[in-house]
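Protein chains: 2
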Amino acid sequence: MFTVRTRCSESLARVGTLRLAHGEVQTPAFVPLATKGALKLLEPRDVEALGYELILGNTFHLLLAPGPEVVAALGGLNEFMRWERPIITDSGGFQVFSMGHGTVADEIKGRRGRAGNGQDGAILAIDESGVRFRSYVDGRERMLGPESSMQVQAALHSDIALAFDECTPFHVTREYTARSTERTHRWLERCLSWHGEHGPADQAVYGIVQGGVEYDLRLGSAAAVAASGCDGIAIGGTLGREKAQMHEVVSWVTRELERLAPERPRHLLGIGEVDDLIAGVEHGIDTFDCAMPTRLGRHGMALVPDPKHRWRVDLTKSAWRASELPILDGCACPACARGFSRAYLHYLLRSGELTGQRLVTLHNLNFIARLLDDLRGGIEATRLEAVAAELRAGGTPGLLGVGAD
Amino acid sequence: MFTVRTRCSESLARVGTLRLAHGEVQTPAFVPLATKGALKLLEPRDVEALGYELILGNTFHLLLAPGPEVVAALGGLNEFMRWERPIITDSGGFQVFSMGHGTVADEIKGRRGRAGNGQDGAILAIDESGVRFRSYVDGRERMLGPESSMQVQAALHSDIALAFDECTPFHVTREYTARSTERTHRWLERCLSWHGEHGPADQAVYGIVQGGVEYDLRLGSAAAVAASGCDGIAIGGTLGREKAQMHEVVSWVTRELERLAPERPRHLLGIGEVDDLIAGVEHGIDTFDCAMPTRLGRHGMALVPDPKHRWRVDLTKSAWRASELPILDGCACPACARGFSRAYLHYLLRSGELTGQRLVTLHNLNFIARLLDDLRGGIEATRLEAVAAELRAGGTPGLLGVGAD
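Chain order of the listed sequences is S and V. Each position in the first sequence, counted from 1, maps to that position plus 376 in my numbering. Each position in the second sequence, counted from 1, maps to that position plus 376 in my numbering.
For the record, the hints were derived by calculation from the structure and aren't laboratory data. Fair warning: there could be bad hints in the mix.
It does not matter which identical chain is used: a pair holds within one copy or between any two.
[Said to hold, decoys possible] With a cut-off of at most 25 Å between alpha-carbon atoms, the simulated SDA-like pairs for lysine to any residue come out as follows:
hint : residue 1 : residue 2
1    : Lys619    : His547
2    : Lys693    : Gly443
3    : Lys693    : Leu450
Whenever a hint applies, use it, and build me the whole structure from the sequences.
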């Protein structure tokens with residue numbers, strides 16, 4: 377299912393190919409979100425045209441609406457949303473636990489604002505069987521646990537299902553994290569057992585490494601997940617308060633996984649800022665999903681090769697009111713290549729014309745796709761260190777002359 | 377500037393070519409709205425791909441934001457919004473008078489809802505010089521009259537500018553309509569005079585026939601506008617309460633214009649329902665603009681060949697919750713041709729995923745483009761009557777085997 381093609385000699389970075397039910401994915405790869413079964417403001421063909429081979433759908437949201445039975449009756453999530461390439465579905469654990477941890481996920485916040493039915497989701501009970509909660513869609517009591525999460529993902533018939541886990545937050549005790557991580561391991565066994573008996577044969581299952589920011593818990597979790605026999609391994613939960621800590625926690629896990637399960641693919645959950653993607657690739661991550669590029673785009677923030685400003689420019693600022701500049705010189709995205717000026721995008725974003733949000737979203741997804749091309753190209757040309765340094769210094773993705781595609 | 381290629385022997389219908397600064401437009405043609413300088417949820421390339429050759433921008437909205445000086449500094453509206461084909465701009469008269477007539481235009485309502493700055497637009501004074509009003513954008517006092525409207529349209533540098541007029545509503549007296557229509561004629565002279573001295577040489581100017589539902593006023597207005605020497609003639613103002621009356625009022629005007637100015641192009645303002653387009657073409661209208669297909673799309677209403685239901689299906693209805701059907705069998709639009717089901721569109725529309733609104737908008741614009749293809753093809757094949765009858769009976773545009781393209 378996963379073949380490592382080239383390994384970097386100086387880091388854990390690697391280039392590989394995931395072979396999934398709906399096709400191949402060249403890694404390292406970024407995975408755009410189709411949270412509720414749609415790429416916000418975009419069509420599947422738009423994301424395909426940028427070179428993306430894998431997207432992520434959300435079990436929690438699709439469970440509540442339109443419901444897995446509707447998606448299954450229409451032939452599964454690929455057929456439902458007319459995306460012909462591979463899909464990964466998350467387990468719903470992150471969203472369902474976010475309701476209780478007080479760190480409500482942005483996805484849920486977004487939904488609440490829009491649904492406007494006065495019924496917020498809420499956790500009713502957490503026990504060994506899973507989580508009982510109230511649906512934000514219709515206020516009904518619902519349940520999500522290891523078996524039901526796998527059942528929903530089987531109905532969605534994604535290429536990769538994630539095992540049901542508790543995404544442990546940062547502010548809990550070591551004691552809590554330890555107990556939660558243990559339960560996540562037990563849930564992984566139940567997920568694999570349910571999937572072995574009832575799941576689609578062509579669906580891969582990834583276990584999730586938890587353990588918070590505790591070195592020994594992370595290593596223990598990596599070992600438990602590697603031992604489970606799952607097809608791939610995701611890294612979830614809090615990674616700390618700062619980027620340096622996040623990169624360190626990731627490196628603990630990937631070093632351990634390189635020892636225990638070097639041939640299995642590794643996914644980093646919910647991380648997608650430019651410097652984090654570069655570091656993640658160096659630490660041997662194969663795939664990343666994150667709302668960042670698309671969400672920033674909808675807020676008028678465009679990605680540019682400017683490390684001093686977190687690779688972002690805010691197009692809603694009045695500085696751009698009369699600017700003839702494109703978002704990024706030489707960029708081949710549908711916004712820049714067709715000559716849309718910052719002035720025009722500024723105007724669209726300010727006046728609520730959604731064409732603006734669409735164009736910036738496309739630009740951001742192109743930026744990230746080209747960044748990953750360069751990182752893959754750097755590994756294949758055995759000069760990842762130089763490529764990463766260039767990108768970190770403000771090199772323009774896609775224009776370094778190292779793109780793998 | 378306008379060449380009639382084929383005239384129908386049984387009606388005033390005709391096929392022609394408009395030669396404008398940014399290219400040619402085959403007529404009869406429908407003109408999608410880019411009210412605020414953007415095709416809502418779409419990019420220019422999307423509308424081009426459907427075969428559209430002409431779009432309409434709105435002087436009133438673009439005056440208030442981003443302002444004609446910004447658009448002019450960026451090279452004009454074509455360059456600003458990156459649309460390479462011809463653009464027609466309306467005069468702003470409709471929007472500015474709508475604030476006072478109590479029949480607030482939907483465009484303005486839409487804007488008010490979104491702007492959320494607590495400042496609605498309002499008319500402060502109407503006199504011979506034009507209209508003073510308060511901007512809905514920033515509450516500033518602004519002015520729009522014949523000269524200023526032409527000045528804004530010169531800055532936008534559209535291919536076709538419309539003369540500043542009062543769009544007389546239905547509920548006023550004959551007396552009011554008569555006086556208003558006279559003033560519109562005086563304004564037309566001032567528009568042409570300003571444009572002759574200051575306007576771009578490659579910009580055409582259309583005068584607007586008013587006169588409400590009064591036979592003699594409409595004929596008098598047609599004569600006055602035809603005598604003015606404008607490049608083309610638009611029909612505006614109320615056309616009555618019912619479709620039959622609307623079609624009759626249009627036919628009064630076009631019959632008179634056929635006598636007085638048969639070689640000049642004729643535009644019907646704000647009309648775009650399927651049966652109205654068919655009747656309009658039969659009455660010799662060359663171009664139509666209307667918010668209908670795009671606005672319906674954003675509300676989840678898709679156009680289908682179903683005359684009994686006003687050519688509409690409401691995809692937000694729960695009847696479609698599990699429907700595998702496309703919007704329309706055999707349709708070549710980006711929604712139908714790529715296999716999006718009614719169930720998926722229903723789900724997207726219900727859950728606020730804007731990809732749904734985008735897809736239905738594209739479908740509707742394709743439906744109308746193919747309808748006009750068929751009508752052009754019918755005229756060229758000297759069998760418009762049969763084609764129109766087939767379309768009125770529920771024939772599918774684009775599948776009748778008469779398309780001109």
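Worksheet item: Between lysine 693 and leucine 450, at a C-alpha cutoff of 25 Å, which is it: within one copy, between copies, both, or neither?
Response: between (44 Å within a copy, 18 Å between copies)
Fill in: Intra/inter-copy verdict for lysine 693 and glycine 443 if alpha-carbon distance must be at most 25 Å
between (40 Å within a copy, 17 Å between copies)
Item to complete: Measure nothing new, just compare the shortest in-copy and cross-copy C-alpha distances for lysine 619 and histidine 547 to 25 Å and report within, between, both or neither.
Response: within (17 Å within a copy, 66 Å between copies)
Checked against the numbered hints above, the structure breaks none of them.
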